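Take the sequence shown: its position 456, counted from the start at 1, is 456 in my numbering, and no numbers get skipped.
It cannot be assumed that every hint is accurate.
To be verified - Heads up, simulated DSSO-like pairs for lysine-lysine below, C-alpha to C-alpha not over 30 Å straight-line:
| # | residue 1 | residue 2 |
| --- | --- | --- |
| 1 | Lys619 | Lys634 |
| 2 | Lys106 | Lys286 |
| 3 | Lys634 | Lys720 |
| 4 | Lys465 | Lys286 |
| 5 | Lys465 | Lys619 |
| 6 | Lys585 | Lys465 |
As the list claims (entries may be wrong) - Beta-carbon label-pair distances, calculated as ranges:
| # | residue 1 | residue 2 | range |
| --- | --- | --- | --- |
| 7 | Glu98 | Lys619 | 51 to 61 Å |
| 8 | Ala242 | Pro371 | 49 to 59 Å |
| 9 | Arg24 | Ala175 | 51 to 61 Å |
| 10 | Leu722 | Gln77 | 24 to 34 Å |
| 11 | Ala211 | Ala317 | 27 to 37 Å |
| 12 | Glu20 | Val801 | 26 to 36 Å |
| 13 | Ala211 | Arg24 | 21 to 31 Å |
| 14 | Ser247 | Tyr72 | 16 to 26 Å |
| 15 | Asp482 | Ala595 | 51 to 61 Å |
Keep in mind the hints are simulated off the structure, nothing from the lab.
This one's a predicted model, so the numbers in the text were calculated from it and none came from an experiment.
By construction, the Cβ of each residue, glycine as well, lies at the ideal position given by its N, Cα and C atoms.
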Amino acid sequence: MTAMTPISNVGADAVRQAVEGVCRRVAPAWPLDRLIAVNPLWHHTDRPFHRVAEDLSRLAGSSMYMPPDYYYDAWLQGNIRREHLRRAIEETGSPYTEFSALSALKSGAAVSEPQVLPSDILDTRRDLARSPAWRETIAQQISQFAASFFDRTQADWRHAYGDCFYTEWRRALQADPSIEWLMGMSGLRERAGQLPDAPMDLPALAAQTFALDAEALEEFLGVAILRINGWASWCAYQRWQAGLAGSDDAVIESLLAVRVAWEILLDDGDRDATSVFDHWQKRWAKRAAAPVANGLLLSRLWQRAHEIAYQSSLVTALNADDARGHAQVAASVSLQAAFCIDVRSEVFRRAFEGGDDDVKTLGFAGFFGLPIDYTPVGTQATRPQLPGLLAPALHATDNAPESLAQRRQVRLRGKRVWRGFERSALSGFSLVESLGLTYGARLIGRALGALPPEAPPAHAGLTSKEAHELAPCISEPSISLDARADLAEGALRGMGMTHGFARLFLIAGHGSSSDNNAHAAGLDCGACGGQTGEVNARLLVRWLNDFAVRDLLEVRGVVIPERCIFIAALHDTTTDEVTLFDTAKVPASHCDDLARLRRRLNRATLRARAERAPRLGLKHLENSPRALARSLRKRTRNWAETRPEWGLANNAAMIVAPRWRSRNICLDGRVFLHEYSPGRDPEGEVLTQIMTAPMVVAHWINMQYFMSTVDNLHFGAGNKLLHNVVGGRIGVFEGNTGDLRIGLPLQSLHDGEQWQHEPLRLSVFIDAPRARIEAVLAAQPQVRSLIANDWVYLFRLGGEVVEAWRNGEWDAA
């Protein structure tokens, strides 16, 4: 066979444009140790939501809506009513009537067939009951190679690959006869040697081989990359990180070349009427020309009705007289507390306030505006402490003596030696036998959650006393007094706090607790890069308590009285326990205030636990505080617990407004709450920051939960019980093969009997003048696209009634 030469009827510029367009559409997926929520369709938001749904349905058979029986159950339970359906028909311009929409829903909808690749036609000609399919074999081969290529931490013995993913893959395939034997296809390795040397030549060769014009080539590449969307998302993360550093990473293009190469390798060159090529070409053309399926139109209608139902209930509550209230008089407040906007904080804030007007809580992004990364003392494990949208500008570590760093390093090295013995090939036959029943008892204790909790990763190698004495500090570059004042001012203005400070002001970050949980970082603070907010909270409090910083802030119009003391805290969202830091530095004059704070936090813990208990299957313990506390702590230590907490499941809305607008409403832990005082932001600078950062992060979280629910196969992580960690931190396989799984496991969304997350697109309610909101939309194309293309719904507070932004105009919601 002659060598494959990339001569294409599609020009080089068109090929490059197709490759860039397809690769640009893939959203990044962060690694497990810094797992944050991402909208997996982030780079599709420049197009209407329903158009993207149509394309994904055609290309991958992926659904962006729930199955018909889900909406039918919501109808039967009264969650969706006729008025919601009528409004949805009007908004979407649906061809359905109320009667036909309900009739069609009862009959169900046909599953959409995805676009096919030539390898799919080969599978129709194989006896799949006796031999594996090419589709699964290709995915396995690419996945196993990618796992080896990208692994930097897990394997003890790693192959020394070069820089080019495609080149190394081709070399590996040429050296591996296993697929030839498994699939009964001789000559595969020889054909691999004849592939072009440059990865960018593969798309052009595909256009030539399969007679594709420029438009069909882009669609062909789009189908190909969706077959390996998990690894494509990991490669997109490499490019994202490179972009934050001011460079680029083209490994995703090499990955695409590899998937395309498989289609070329399997082409037999036959072009007669019975050939694989002819069969594929007819199927391809038929699917490409197919109209939008009625099932998609029906699903779009019912999804919108479902969202209208929720929005209507929230609008009614916000319009109610008891919710409108009046702003609190700042002078009467003796205790203030700032929490992360995370929906889990809503439950705790409501419990903390307890109906007491003397207490005020605020919501702010949990990294508190500090652009830092952090390296625990004595380690090299630098981690981000800020949203994935941003790059760190400052480096933090712990203020500790060198002797402590050395002691910690010795202990950590000892743990590594022990871990190496546990993982060695020989120890599998001798470890438990050598240690006897003591190790068996430890394994049982871990499985039952009966052992005391291990130290959090940040405290590994430290005694509890040593960990308690550590204090975060900025190590490099050194931070000036002016810079500290800048960051402190930004945080306070973002909270709407320029005056009216109480005697005690709590800055509370949050984190989670669970053992044996690959996705544990996803339960920590997303605004802190999948870490806890402890470091950020403690640093900010340290600066806010510095009188030199306060003097500069006063010159800038932020007046903090001498009597005001700031305290840092960490809210554990699994147990609802709150830890206070550095309380020894609180002056004697505030001891009574501190005692009052502790009592209020303890009461809030009890109330929040009781509210969360039923969803965790612990309703029988909601009136037994001690038993409930034991049960929740046991969940954090139990290696077999797949649902230590529900995280951000059921998130549905965001309110950007003074707290008094939502204080009297039970929001059921479904709403992100960001403090915003429109009267203190006349130029709209704070609102712009909120709508371009926290609102976008909330949208990412919302869409990660949405897509993991509506299509867990393509955009979720599958069954947690089958997970195997890849590369120590990269992600997970479901089982030992298949594509890298991104998104959320089913156990984070479903309790085994029913969904715990309602997939609703984010509804954002903002208390600001119309002109100010419109100015942000006009100046920020990305925000404007989210709203205009129905990825996010926008509402306005502050008038006589709540208003909705529809088709470029404000209307009563």
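Here's how the hints hold up against the structure:
1. Lys619 <-> Lys634: Roughly 16 Å separates the two Cα atoms, so the pair holds.
2. Lys106 <-> Lys286: This hinted pair holds, its Cα atoms lying about 29 Å apart.
3. Lys634 <-> Lys720: Roughly 19 Å separates the two Cα atoms, so the pair holds.
4. Lys465 <-> Lys286: 69 Å, violated
5. Lys465 <-> Lys619: The hint is violated at about 37 Å.
6. Lys585 <-> Lys465: Judged against 30 Å, a Cα distance of about 17 Å means the pair holds.
7. Glu98 <-> Lys619: 51 to 61 Å: 37 Å, violated
8. Ala242 <-> Pro371: 49 to 59 Å: 19 Å, violated
9. Arg24 <-> Ala175: 51 to 61 Å: At roughly 33 Å between Cβ atoms, Ala175 and Arg24 fall outside 51 to 61 Å, so the hint is violated.
10. Leu722 <-> Gln77: 24 to 34 Å: This hint holds: roughly 32 Å between Cβ atoms.
11. Ala211 <-> Ala317: 27 to 37 Å: At 59 Å between Cβs, range violated.
12. Glu20 <-> Val801: 26 to 36 Å: Violated, since Glu20 and Val801 (Cβ atoms, about 46 Å apart) do not stay within the stated range.
13. Ala211 <-> Arg24: 21 to 31 Å: Since Ala211 and Arg24 have Cβ atoms about 25 Å apart, the given range 21 to 31 Å holds.
14. Ser247 <-> Tyr72: 16 to 26 Å: 51 Å, violated
15. Asp482 <-> Ala595: 51 to 61 Å: At roughly 36 Å between Cβ atoms, Ala595 and Asp482 fall outside 51 to 61 Å, so the hint is violated.
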